[in-house]
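Trainee: Listed in order, the protein sequences are those of chains A and B.
Residues 1 to 497 in the UniProt record's numbering are what the first sequence lists, from first letter to last.
Residues 1 to 145 in the UniProt record's numbering are what the second sequence lists, from first letter to last.
Heads up, some of the hints might be wrong.
Okay, the calculated bits of chain A under chain B, using three or more residues with CB under 8 Å as the criterion [said to hold, decoys possible]:
1) 409-418
2) 422-432
3) 452-462
4) 468-482
In short, the hints are calculated from the structure, not lab data.
Quick caveat: nothing in here was measured; it's all calculated off a predicted structure.
Cβ coordinates follow ideal geometry from the N, Cα and C atoms, glycine included.
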Amino acid sequence: MSSKYNREQDLLLFLSKSQGYVTSKELVEKLNVSQKTVYRLIKDINDEYMDSPLIISERGRGYSLDYENFIHYQKSNNPSKENQFSPSERRKRIMEELLLSSPKPITIYHLFSDYYVGDSVIFNDEQIMSEELKKYNLVLERKDRKLAILGEEVDIRKAIKHTNEIFNTIDIDDLKRNQELHFNKHDVLFILGQLRQIEKGLDITIPYPYNINIFSHLYILLSRSRKVSTLLFSDKVPTEEMTNMKRDMTLYPVAKEIVNNIQNYLNSSLADIEVYFLYQYLVSSRMQGSLARTTTFSAEVIDVTQAYIEGMSIYLGIEIESQSIFSELANHIKPMLNRLDYNIRIKNSLLSQIKVMYDDVFHGVTHVSEFISKTFNLPAINDDENGFITLYFAKVIVTTQYQRPIKTLIMCTTGIGTSELLKAKVSRKFPELEIVDVVASQNRQMLKEKYSDAELILSTVHIKDEVTIPSLLVSAMFTIDDQKRLQRKIEEIYHGQ
Amino acid sequence: MDNNGLYRIYVNCELTSKEDVYTFMSDVVCQDDLAQKEVVVNQFNQREKAGSTLIADHVMLPHIESNHIKNSHIIVIRLAKPILSWDEETKDIRLVMGILLKEHENVEIKKKIAMFTRSLAHEDYLNRLLTISERDTFYQALKKF
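Construct all of the structure, not just a fragment, from the sequences and the given hints.
Mentor: Here is the structure:
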């Protein structure tokens with residue numbers, strides 16, 4: 001279900017970013033799906049959004065988004081359907097219940113009775129859940145009409161976190177107020193208090209989404225501990241890891257203190273391993289503040305950061321002033337390497353938008369990441385991480401503006417007819433053009449003297465005699481086709497230098 | 001009628017071809033000078049040859065600058081029936097806005113005209129113009145510029 005949902009989201013995002021109409025062919029290429037799928041996706045989106053179509057189609061032009069409806073749709077997109085669960089939602093809820101109580105078995109009757117489904121559906125659900133759990137190295141066991149999930153505690157927590165989408169979408173400021181989340185209010189307040197204590201103790205702030213990550217970890221810890229005695233955990237931590245942790249005089253005491261607070265809050269004791277679990281989250285988080293502003297990095301962090309900067313500089317074909325980005329990026333890479341080590345995955349909720357907005361940069365980062373994980377012998381760097389790194393390089397591109405504006409003249413017969421109209425349209429859609437003037441075609445002899453530095457002429461009339469300045473004939477309508485040709489011309493000018 | 005103003009608005013015009021429209025506009029600006037009319041029509045045709053002046057579906061914006069024009073005008077023509085075939089490529093024209101600029105016109109007027117054309121870049125505004133069929137409403141909508 002998620003891949004279809006993602007495709008719908010990608011399609012909507014792409015349309016929302018596009019000017020005017022987009023042909024179905026473009027959509028096929030962009031989404032890398034068949035024509036048929038595009039039609040079906042659009043139909044499904046429009047069917048689901050009942051009031052009036054979200055995506056407008058027009059014969060011969062293609063598709064375009066009804067913005068007003070789209071904004072409305074985004075606002076109302078938090079599904080709040082009650083008592084009506086799709087098969088995948090049903091499986092998710094059942095799996096969550098099993099995970100929280102693992103390794104305790106629960107009767108099938110208890111698990112499924114709310115959903116009024118037959119034996120064949122139950123059997124089918126078991127198969128699907130079992131497949132899903134394999135990804136986390138967990139096993140779904142059936143015994144005497146009971147189900148249980150078996151495996152290591154680390155894996156169980158990870159599965160809980162990933163199956164519960166709420167943890168990916170919450171906003172920390174929203175936690176206290178949002179009733180729809182169905183969180184235990186007391187737990188939420190307690191954990192937020194603990195987060196504040198961590199930040200205060202270390203004199204830092206933990207930015208989004210790392211704060212959410214720690215929140216989710218603690219929330220799951222509370223829910224788990226109430227269901228199952230922690231003594232049942234079978235996980236073992238290598239002694240070397242433990243000694244390393246205890247040597248960390250900054251984060252280790254904090255982790256210990258927080259776990260202690262949780263024991264008091266729960267009024268029951270927790271396994272020692274909880275300190276280690278929390279410690280892993282802390283070293284994997286990005287922190288902002290005096291402690292975080294490190295200027296000394298380990299050799300590995302420096303090398304990896306440098307490799308990213310060099311790789312991206314080559315890929316993008318631009319000089320990257322390494323000072324401007326190094327320390328920021330290194331401060332990101334440092335906890336990232338810990339995350340890779342501890343196999344902690346942070347959901348990047350902006351990922352789909354990043355992919356659409358900075359398609360090219362993201363592609364480059366993915367490439368460089370592959371190279372880096374090979375060279376430095378690191379675990380594979382996932383798309384969520386690549387998305388974060390993309391933002392650092394996208395920022396470099398935006399702030400350095402390595403593409404200087406192109407000095408452009410706009411021309412028609414009178415200099416105030418279609419050319420003025422064109423100017424208004426062009427300046428809105430092509431901010432990279434600096435429109436120096438709007439001129440009449442009769443006066444083109446004096447163009448060279450007056451605008452010696454002009455690099456491009458956009459004209460709605462055919463320019464007969466040779467003008468040395470590159471020019472492009474466009475229609476006064478400034479159609480999609482015109483825009484594309486102009487885009488190509490701009491690229492030509494940039495690359496011709 | 002605001003004869004001294006920049007705008008000339010004609011609604012419900014029974015014109016059926018491009019030639020009709022150009023002749024009509026030349027009538028407006030040159031009144032009874034036949035020779036000058038011909039020059040103006042010719043200029044329109046020349047301009048059209050250099051590049052289409054279709055600015056949006058159903059809307060033409062022919063424009064010329066000429067020493068045969070005494071006063072600059074924007075002539076708005078709301079056709080009674082669409083001109084189905086303006087030329088080979090241009091079909092179904094419903095609204096024509098001609099800009100007839102006097103040669104060496106002063107900057108004040110030029111600015112006004114430029115403001116008007118810029119406003120046409122807004123699709124919503126253009127769509128609204130397309131739906132108006134009363135002269136006064138048209139005038140109200142255009143007066144802003």
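Trainee: Give a verdict on every hint.
Mentor: Hints and how they fare:
{"no.": "1", "hint": "409-418", "in the structure": "holds (count 7)"}
{"no.": "2", "hint": "422-432", "in the structure": "holds (count 4)"}
{"no.": "3", "hint": "452-462", "in the structure": "holds (count 4)"}
{"no.": "4", "hint": "468-482", "in the structure": "holds (count 4)"}
Against the hints set out earlier in the document, no violation occurs for any number.
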